[in-house]
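Enquirer: As they're listed, the protein sequences go chains L and E.
The opening residue of the first sequence carries number 1 in the numbering used here; numbering runs sequentially from there.
The opening residue of the second sequence carries number 1 in the numbering used here; numbering runs sequentially from there.
In case anyone wonders, no lab produced these hints; they're calculated from the structure.
You can take every hint at face value.
A pair counts as met if it fits within one copy or between any two copies, since identical chains are not told apart.
20 angstroms max Cα-Cα, derived EDC-like pairs, lysine to aspartate or glutamate:
#: 1; residue 1: Lys354; residue 2: Glu344
#: 2; residue 1: Lys97; residue 2: Asp355
#: 3; residue 1: Lys381; residue 2: Asp341
#: 4; residue 1: Lys97; residue 2: Asp341
#: 5; residue 1: Lys29; residue 2: Glu364
#: 6; residue 1: Lys55; residue 2: Asp355
#: 7; residue 1: Lys342; residue 2: Glu387
Computed from a prediction, not measured in an experiment: that's the story for all the values here.
2 protein chains.
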Amino acid sequence: MPVNLPTLDPSQLFPVAGLELGIASAGVKTAGRKDVLVMRLAKGSRAAGVFTLNKFCAAPVRICRSHLADTGEIRALVVNTGNANAGTGLDGYERAKEICFALAERLDISPAQVLPFSTGVILEPLPAAKIIDALDAAIGDLKPANWFEAAHAIMTTDVAPKAASKKIVLDGKTVTLTGISKGAGMIHPNMATMLGYLATDAAVSQAVLQELVSWSADRSFNSITVDGDTSTNDSFILMATGQAGNTEVADTHSADFITLRDAVLEISQTLAKAIIRDGEGATKFITINVEGGIDRAECKAVGYAIGRSPLVKTAFFASDPNLGRILCAIGYSQVENLDVDKLEVWLDDVLVAKDGGRYAGYKEEDGQRVLKQSEISITVKLNRGAESATIWTCDFSYDYVKINADYRS
Amino acid sequence: MPVNLPTLDPSQLFPVAGLELGIASAGVKTAGRKDVLVMRLAKGSRAAGVFTLNKFCAAPVRICRSHLADTGEIRALVVNTGNANAGTGLDGYERAKEICFALAERLDISPAQVLPFSTGVILEPLPAAKIIDALDAAIGDLKPANWFEAAHAIMTTDVAPKAASKKIVLDGKTVTLTGISKGAGMIHPNMATMLGYLATDAAVSQAVLQELVSWSADRSFNSITVDGDTSTNDSFILMATGQAGNTEVADTHSADFITLRDAVLEISQTLAKAIIRDGEGATKFITINVEGGIDRAECKAVGYAIGRSPLVKTAFFASDPNLGRILCAIGYSQVENLDVDKLEVWLDDVLVAKDGGRYAGYKEEDGQRVLKQSEISITVKLNRGAESATIWTCDFSYDYVKINADYRS
Numbered sequence: 001m002p003v004n005l006p007t008l009d010p011s012q013l014f015p016v017a018g019l020e021l022g023i024a025s026a027g028v029k030t031a032g033r034k035d036v037l038v039m040r041l042a043k044g045s046r047a048a049g050v051f052t053l054n055k056f057c058a059a060p061v062r063i064c065r066s067h068l069a070d071t072g073e074i075r076a077l078v079v080n081t082g083n084a085n086a087g088t089g090l091d092g093y094e095r096a097k098e099i100c101f102a103l104a105e106r107l108d109i110s111p112a113q114v115l116p117f118s119t120g121v122i123l124e125p126l127p128a129a130k131i132i133d134a135l136d137a138a139i140g141d142l143k144p145a146n147w148f149e150a151a152h153a154i155m156t157t158d159v160a161p162k163a164a165s166k167k168i169v170l171d172g173k174t175v176t177l178t179g180i181s182k183g184a185g186m187i188h189p190n191m192a193t194m195l196g197y198l199a200t201d202a203a204v205s206q207a208v209l210q211e212l213v214s215w216s217a218d219r220s221f222n223s224i225t226v227d228g229d230t231s232t233n234d235s236f237i238l239m240a241t242g243q244a245g246n247t248e249v250a251d252t253h254s255a256d257f258i259t260l261r262d263a264v265l266e267i268s269q270t271l272a273k274a275i276i277r278d279g280e281g282a283t284k285f286i287t288i289n290v291e292g293g294i295d296r297a298e299c300k301a302v303g304y305a306i307g308r309s310p311l312v313k314t315a316f317f318a319s320d321p322n323l324g325r326i327l328c329a330i331g332y333s334q335v336e337n338l339d340v341d342k343l344e345v346w347l348d349d350v351l352v353a354k355d356g357g358r359y360a361g362y363k364e365e366d367g368q369r370v371l372k373q374s375e376i377s378i379t380v381k382l383n384r385g386a387e388s389a390t391i392w393t394c395d396f397s398y399d400y401v402k403i404n405a406d407y408r409s
Numbered sequence: 001m002p003v004n005l006p007t008l009d010p011s012q013l014f015p016v017a018g019l020e021l022g023i024a025s026a027g028v029k030t031a032g033r034k035d036v037l038v039m040r041l042a043k044g045s046r047a048a049g050v051f052t053l054n055k056f057c058a059a060p061v062r063i064c065r066s067h068l069a070d071t072g073e074i075r076a077l078v079v080n081t082g083n084a085n086a087g088t089g090l091d092g093y094e095r096a097k098e099i100c101f102a103l104a105e106r107l108d109i110s111p112a113q114v115l116p117f118s119t120g121v122i123l124e125p126l127p128a129a130k131i132i133d134a135l136d137a138a139i140g141d142l143k144p145a146n147w148f149e150a151a152h153a154i155m156t157t158d159v160a161p162k163a164a165s166k167k168i169v170l171d172g173k174t175v176t177l178t179g180i181s182k183g184a185g186m187i188h189p190n191m192a193t194m195l196g197y198l199a200t201d202a203a204v205s206q207a208v209l210q211e212l213v214s215w216s217a218d219r220s221f222n223s224i225t226v227d228g229d230t231s232t233n234d235s236f237i238l239m240a241t242g243q244a245g246n247t248e249v250a251d252t253h254s255a256d257f258i259t260l261r262d263a264v265l266e267i268s269q270t271l272a273k274a275i276i277r278d279g280e281g282a283t284k285f286i287t288i289n290v291e292g293g294i295d296r297a298e299c300k301a302v303g304y305a306i307g308r309s310p311l312v313k314t315a316f317f318a319s320d321p322n323l324g325r326i327l328c329a330i331g332y333s334q335v336e337n338l339d340v341d342k343l344e345v346w347l348d349d350v351l352v353a354k355d356g357g358r359y360a361g362y363k364e365e366d367g368q369r370v371l372k373q374s375e376i377s378i379t380v381k382l383n384r385g386a387e388s389a390t391i392w393t394c395d396f397s398y399d400y401v402k403i404n405a406d407y408r409s
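Just chain L, same shape as in the assembly (with noise of 0.2 angstroms):
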């Protein structure tokens, strides 16, 4: 079960002026579930996002970024879960195509004003007849109070939905935030993907839309891991709408902005964290931060080996304060010049490693207090510069083992 995920309450997701949201079955991988999201933008919307880097992106990846940069104006998404068109080459490329065009046709738009997605099992043609068949009774339920079923339709082996929503006030207007996401880990079962989806109604350039999805993401989805694989199609689209009646936010110096980058972080590394409480098998919920780096690169560096070790995992899913795995992780991280006699290492409040070993008022039951916890912070000192990274990840227990072990659902 997940880790310290509160369950959703539907009246606390705040539809987003100019975006509506409608959901429909089209039996790509089981008949009768719910299994396609199209979202219609209000015209002059905006839209930016951030995708994996992974070579063998998924072919609506590939279309996304390309759409992206033909257009300012995004004005539909569609969504499929059960089939991830990854590792399909042109004929998967093609199918995705068909869907741009059918949804746009349908709603009086241009196919390059669609934006694809897919998640689930990679390797297989995706049907596409079946999910274009399915457009019109989506397009039917198009709704802006639509999240909360939204949240539910782009699950695949989700344990829970996954949403955040709040209201800021920009330039004296009120401004909703609204966001979804998917995923079990940084990889789903079979390969399927982490997807996240911002809207707020703010008014807001395209630079600057640009500027928020990229350094948000830094800070939530690009700061999580489950066990270290990169999906083949990640997506994290920010969208707005424009509808609120506020001033554009166009200079990333004004107070506005620094509201609205605040409220997008907020959401972002909520919906980002749901995921690792949902993480394939997790038990606890493991906060890294790093501090002290020459860089925020370096930081994220050891933060991410130590979330990434499957030694360090196991151990904390035991509850076994086997600490040197933690030093060892951190000795490995491929940082530069790093002088492991000048670090501490932290887990919450209890100092465990310094001079290049174990403190030597560390007791074995301060650990083991600290690593019963469902909720567990590991804090290392580089002592040398001033930047930080924080990242997120779970334990490593049997279940993930059973979970990918087990024969494609």
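Could you slot chain E onto chain L? The hints should help.
Expert: Showing chain E alone in chain L's frame:
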């Protein structure tokens, strides 16, 4: 149980003239356990080594590097199990030095002629006094025919001892090579280590010996992975006593060099593969061949991405040909400008993927047949160059989690 690892035959482990081995019990962690090994080299011997790149490297690793740089004549090695003497700071360094001094005194050599090694739990102080107390017994036990016993003495949680031996002819003289290794993965439970020792009575120049140890380590111990965790103590030492009577091998273009190199490589690979066959929880032995790369580094990067992916390894454990996971790992392997449409993926003799997707003639039952074997090869043809590399790994089972989640034994 280890995967297809033959039982050692003590009569097939040939003594190496000029090298004696002695074993004793120091009670480092468990009373009565044979946990100390001393190796004594005759005058005129040479040694060369490669060590972990982990920055939290153990105190003995730092001393080995320094002693190998100081002197051309290493005369003794001392190994203890039960404690890695890593993450122990200056105090750990001094304790390892004390052991070198004590052994040097007893063997009438200088402390800089001793190489110390430790393997076991990290972040715990090394009981140096216990080890020093056991040195006389180990020295009393010194004899050339002790390789089988030595292979057992360096085990920690290895299920089986690991050794290999071979005779070749150089310059008309019979030359013997014998080696031992330990490790049940790149990392043992509790951060113990991979250790490898290979000795020959051939006469070999120091430069050639150094070349041989690096070249063969790259193609053996540095081509295996169980869990991607690089230990704090990994060491591989090549020793040459020069007692076989051959003309010193000093030219890397000579026929003798090639004969010796091939024999060193064969034994190194046997010892390295034995570690994978005895990998934590392993049920399958997997060989990953990556061909057609621009350089060896990118071939290794692709091989390691596949070989350390928990998703690939759990699918192999389940005998599930969920082969999209292999494509996904290739895709995130950080190879620059990789054109995924050009590559081919084979499972033994079954072509699985080409042209960026599943091969049209691939049948699930063919993949299933191969996956059910205990020995499986994956071949990736990058089709962009003439270089290649091979990585060996094992699958990822419930027992991996069990072994590593157990309290430190």
